[in-house]
Amino acid sequence: MIMRITKGRIMPDFLIRAALAGLGLVMATGPLGCFVLWRRMAYFGDATAHAAILGVALAFATGLPVYAGTLIVAIAMAMTVSALTGRGHAMDTALGVLAHSALAFGLLAVSFLPGVRMDLSAWLFGDILAVAPSDLAWIWGGSALVLGLLVWRWQGLLDATVNEDLAQASGVNPGIERLALTIALALVVAVAIKIVGALLIAALLIIPAATVRGLSRSPEGMAVAAAVAGAVAIVAGLGLSLRLDTPAGPSIVAVAAMLFLLALPMGARR
Amino acid sequence: MMPAQREPLISARGLSVRHGGVTILSDVDFHIHPSEIVTVVGPNGSGKSTLIRALVGLDPAAQGQIMRRDGLRLGYVPQRLSIDPSLPMTVHRFLSLPRRQAAGDIAGVLARVGVEGLEDRPMARLSGGQLQRVLLARALLARPEILVLDEPTQGLDQPGEAAFYRLIEEVRSQTGAAVLMVSHDLHVVMATSDRVICLNGHVCCEGTPQVVSAAPEYRALFGAGTGGALALYRHVHDHAHDGAPGHPHPHDHGHEHGHHDHAYHERADHA
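Those sequence lines, one after another, are chains H and C. Residue numbers for the first sequence follow this note's numbering, beginning at 373 and rising by one. Residue numbers for the second sequence follow this note's numbering, beginning at 11 and rising by one.
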């Protein structure tokens, strides 16, 4: 019965677009997710993503493109969190307050918007199957930007990740590298919200990177492998979603999680 | 005297550093010249690391000035380095940060610090002594005019510590790099330094190892009565070549203070 659905048929356009959108996204989330892991910024991704819902509301209220709204709020949130980190605040508390209030205010703002019919669950959980051709341009553009930023600053980013003092003594400015990552993260969140939604973005950053950690011998190898693991999760997740009629975003994350489990023993053997 | 030799690599005047409203260092004057080995000693919490960090530019000065010579090449060895276990990083890759280095240069510098062939070892699997040597190798790859080491032998055993400081001295004599280091280890300080700065929130005393170890301020901080410190003191005098006569009786040190002061001034004139 499962075979009957797809066998012998040409893939429908929406599915091709979904796959293209997902593959574009993981090119950025793979390498960026490695930095999220190395620098223990997982909370950071969560806070930024939750704030993005506020950005969606903002976009609807002002008529801005949704990507622009989420990007603005995500950058504002990322900068706030980054500034607080720099001043040594108790981060988990500050983040808990910021992330969840941003989400709550976002949801409130949405409910106040007159005459706007908005499918909230699409923004919370994503709807990769509804990706339009114009979305593809945003996603690939944003991903390329993030990837370009990472490649451009790779050596400095890596050095500042190993040890900020050592980097600074070698002439690298750790503050600038932190800012570059902050902006990259906000960009990825803005781009990914349509695909996996605000609640699952962090999963796409962390799980593929964590999956390949034990198998990698160099930072560069790990970045590439994380993108590949992400791509496998996208394609297999879409397939799963199609065959079992499950929601696409969670299916992708579920496959990523299964890959992680599969890779665990291989990492442990090394 | 060549004027270039007289210009300090790093100097500070009236330097104060605060952390969160607490003054860690106040009114410190400092200078280090090319090829000099200067060691900062002091009890825990006396601001040794803070001074080093401020001089390198890692901590901001609350007051006063720090001057580093234009384009100064500096090699910094931190107190410790813990790389997140999720970051796969070989020694070779680590030494290629932040600037890529040729494989031959990396092999050469590893051999020089006595850990040849470690290129492919993950950083996480280095022993304490190996890690310190790799950190020194990274500092040397910058072809430094000054090496700055913040308690570089923490976690090493006694022989390892002695070997590490011998290595530092070797590097100094081979490259002519100045060395600025923090140590809690008086033994080493006495044996290898040209000049010692005794710190306790401010500069308590300063001078050649002989001068400082005899200074009442230093003795008040570290205590003169311990056998170890006395043995050390004699040991140093056994090896002193710059005019201070040896004196086997530690009781004499107080009386000799004026004499040592004199030795210090003499030295300062020549510095």
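It is worth saying that the hints were derived from the structure and are not from the lab. Note that the Cβ used here is the ideal one computed from N, Cα and C, for glycine as well. A couple of the hints might just be wrong.
[Said to hold, decoys possible] With the Cβ distance kept under 7 Å, some of the chain H side facing chain C (calculated, not the full set):
1) L409
2) D464
3) L470
[Stated by the list, open to error] Quick list of simulated restraints, FRET-style, between CB atoms:
4) C:Q89 with H:A476: 39 to 47 Å
5) C:R131 with H:V600: 43 to 51 Å
6) H:G513 with C:G186: 24 to 32 Å
7) C:R131 with H:A440: 45 to 53 Å
8) H:L551 with C:R153: 28 to 36 Å
9) H:M630 with C:Q168: 46 to 54 Å
10) H:G611 with C:R83: 49 to 57 Å
11) C:D80 with H:L551: 35 to 43 Å
12) H:V600 with C:G55: 44 to 52 Å
13) H:P619 with C:A72: 52 to 60 Å
14) C:Q89 with H:G543: 14 to 22 Å
15) C:D167 with H:T465: 40 to 48 Å
16) H:S473 with C:R176: 52 to 60 Å
17) H:P619 with C:G170: 30 to 38 Å
[As the list claims (entries may be wrong)] Where chain H lies over chain C, by a calculated footprint (3+ residues, C-beta under 8 Å):
18) 21 to 29
19) 62 to 75
20) 91 to 100
Hint check:
| no. | hint | verdict |
| --- | --- | --- |
| 1 | L409 | holds (5 Å) |
| 2 | D464 | violated (18 Å) |
| 3 | L470 | violated (22 Å) |
| 4 | C:Q89 with H:A476: 39 to 47 Å | holds (43 Å) |
| 5 | C:R131 with H:V600: 43 to 51 Å | violated (26 Å) |
| 6 | H:G513 with C:G186: 24 to 32 Å | violated (53 Å) |
| 7 | C:R131 with H:A440: 45 to 53 Å | holds (48 Å) |
| 8 | H:L551 with C:R153: 28 to 36 Å | holds (30 Å) |
| 9 | H:M630 with C:Q168: 46 to 54 Å | holds (52 Å) |
| 10 | H:G611 with C:R83: 49 to 57 Å | holds (56 Å) |
| 11 | C:D80 with H:L551: 35 to 43 Å | violated (27 Å) |
| 12 | H:V600 with C:G55: 44 to 52 Å | holds (50 Å) |
| 13 | H:P619 with C:A72: 52 to 60 Å | holds (56 Å) |
| 14 | C:Q89 with H:G543: 14 to 22 Å | holds (20 Å) |
| 15 | C:D167 with H:T465: 40 to 48 Å | holds (41 Å) |
| 16 | H:S473 with C:R176: 52 to 60 Å | holds (58 Å) |
| 17 | H:P619 with C:G170: 30 to 38 Å | violated (58 Å) |
| 18 | 21 to 29 | violated (count 0) |
| 19 | 62 to 75 | holds (count 4) |
| 20 | 91 to 100 | holds (count 8) |
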